[in-house]
Amino acid sequence: MIWNETVECMSREEMRKLQSLRLRRVVERVYHNCEPYRKRMQEAGVTPEDIKDIKDIVKLPFSSKKDLRDYYPFGLLSAPMSEIVRVHASSGTTGKPIVVGLTNNDLAVWKEAGARCLTAFGLGKNDIVQVSYGYGLFTGGLGAHAAVENIGATVVPMSSGNTQKQIMMMRDLGVKALAATPSYAMYLAEAMEASPYKREEFNLRVGVFGAEPWTEAMRKEIEEKMGVKAYDIYGLTEVMGPGVGFECECQCGTHLNEDHFFPEIIDPETGEPLPEGEKGELVFTTLTKEGMPMIRFRTRDLTALHYERCSCGRTLVRMDKIMGRCDDMLIVRGVNVFPSQIESVICELPEFEPFFFITVDRVNNTDTFEIKVEVKQEYYTDDIKSMLELKKKITHKIQSVVGIQPDIKLVEPRSIERSEGKTKRYLDKRVFAN
Amino acid sequence: MCDDMIIKQLSVFLENKVGRLNHVAEILGGAGINMTAFSVADNSDFGILRVIVHEPERAQKLLKDNLFAVSLTDVICLKIGNKPGSLSAVLKILEKEGIYIEYMYAFSEGENANIVIRPDKLQEALDALKRNNVGMLQSDMIQ
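Taken in sequence, the protein lines are chains A and B.
Sequence positions in the first sequence follow the numbering used here and run 1 to 434.
Sequence positions in the second sequence follow the numbering used here and run 1001 to 1143.
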């Protein structure tokens, strides 16, 4: 099923025209309403008049996560506060989150995008969808919630946590689709197996999973355990949230809602656009956003784009599975983790040497997050209790900054590599390739 | 604190991985330092090796030079009869003084039992043990 056939199956030529028109508008908007964008365009010698076609987008300067931090919280707004009706936030590098502001029209675009996703997953107004993404600053919960309401289905706004109740509601209400992060879905699937209920007692058919990378193996395992067909829903807070892209029934890539979120692939080193099909850094321009439009926002995610028509009938561009990142940000249990965050915490604690090593892995479908740290010579003691206190202290400190609990390993002096400069301070053992 | 009865114990931080304990033993052995007694306290992450040696300062420097985290801890080494009830008699003395034992380890051979104890109040423990004529090793008696 297709929610908006006009757009989703539009010819490439029509799409180009629509994107060109919208790009002109959004560039006008940021140029006249947002000081940092205007300055940057002036520095690059570009005016809104230079932008006539979507192809002209390459003339525009890039933006990045750093800009969102530098202009925290509202410096990048291109609409007056009187029009901003909601904020969302995601974790940042120094404990400060990244904040985005949305207008009523932004919310309308978001739920349109979300409706396309859910419709592609085969959901409609007769279905019941349980939203088990966290509700709150995280875009997952409220984003999925609005999408479910928009297609006229029934939303069960569970948020995350309280596993037993999640399972009870799914069973008692005859929930057809579960929207959650894949790792939480995995957790729920296992809890369902351990529950006294039989699988036949559930009406679950569809999984709406996203907000973190996941493997084909994980998809298969959840599908088997839950008896669902699992679809990827793609999104990022800076651009919008869940609904930026989705898998259709062919599951041959993620269709991007490119009439709203225009994707480019660039060489992460040079910033030059790469030919179709080539792997590079994904860049988004929000063509219709009012509150906080992002112009050529560098996601740091590595992928490739394909433009041929999909066998589902859609012409919307398809994106390969994210193949990695071109900076040192890690996504652990759906949370953005920067080694620089860990560094700043460790440097503040006098008991520890300013060195660390992060190891991320996935065990039983849950991300593990180990950090090795060295205690300074004078703080090593004979007393296990006080050593464990030290461990607890640093665990709490890191958790409060990063948002997830690390598994701290105290190691012997000088066992962590010291070389300066480009030392890699983490190892990601997870395998996301198919 | 200066008391012949206070023994300097080496406390070495060890990661829980293969070969670490042997590395310590090798270093000390290679330098001709004998381990009179030792114990390993561990948890899921790391262990603390506690060792009694003849030359604790030299051993400490040696291990530090080999990048171990090592500190010296004051302990008492009891020398009591290797027979039923002798430990209980000593513990009763400490208990009466309200002294808490953080950890202890022991070995016995022939007629004697040697017990290393780390009391929370070292000086009070020493005084109580002396008053009750409990046998203790002096630091220069460590071989």
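Simulated from the structure, these hints should not be mistaken for laboratory data.
There's no promise every hint is true.
As the list claims (entries may be wrong) - Short derived list, chain A residues pointing at chain B, Cβ under 8 Å: (1) S20; (2) R24; (3) L107; (4) A108; (5) Q377; (6) Y380.
All C-beta atoms in this analysis are idealised placements derived from N, C-alpha and C, irrespective of residue type, glycine included.
These are the hints, each one checked on the structure:
1. S20: 59 Å, violated
2. R24: 59 Å, violated
3. L107: Where the cut-off is 8 Å and the nearest Cβ of chain B is about 47 Å from L107/A, the hint is violated.
4. A108: 52 Å, violated
5. Q377: With a minimum Cβ separation of about 6 Å from chain B (threshold 8 Å), the hint on Q377/A holds.
6. Y380: 4 Å, holds
Taken one by one, the earlier hints fail for this structure at numbers 1, 2, 3, 4, listed in ascending order.
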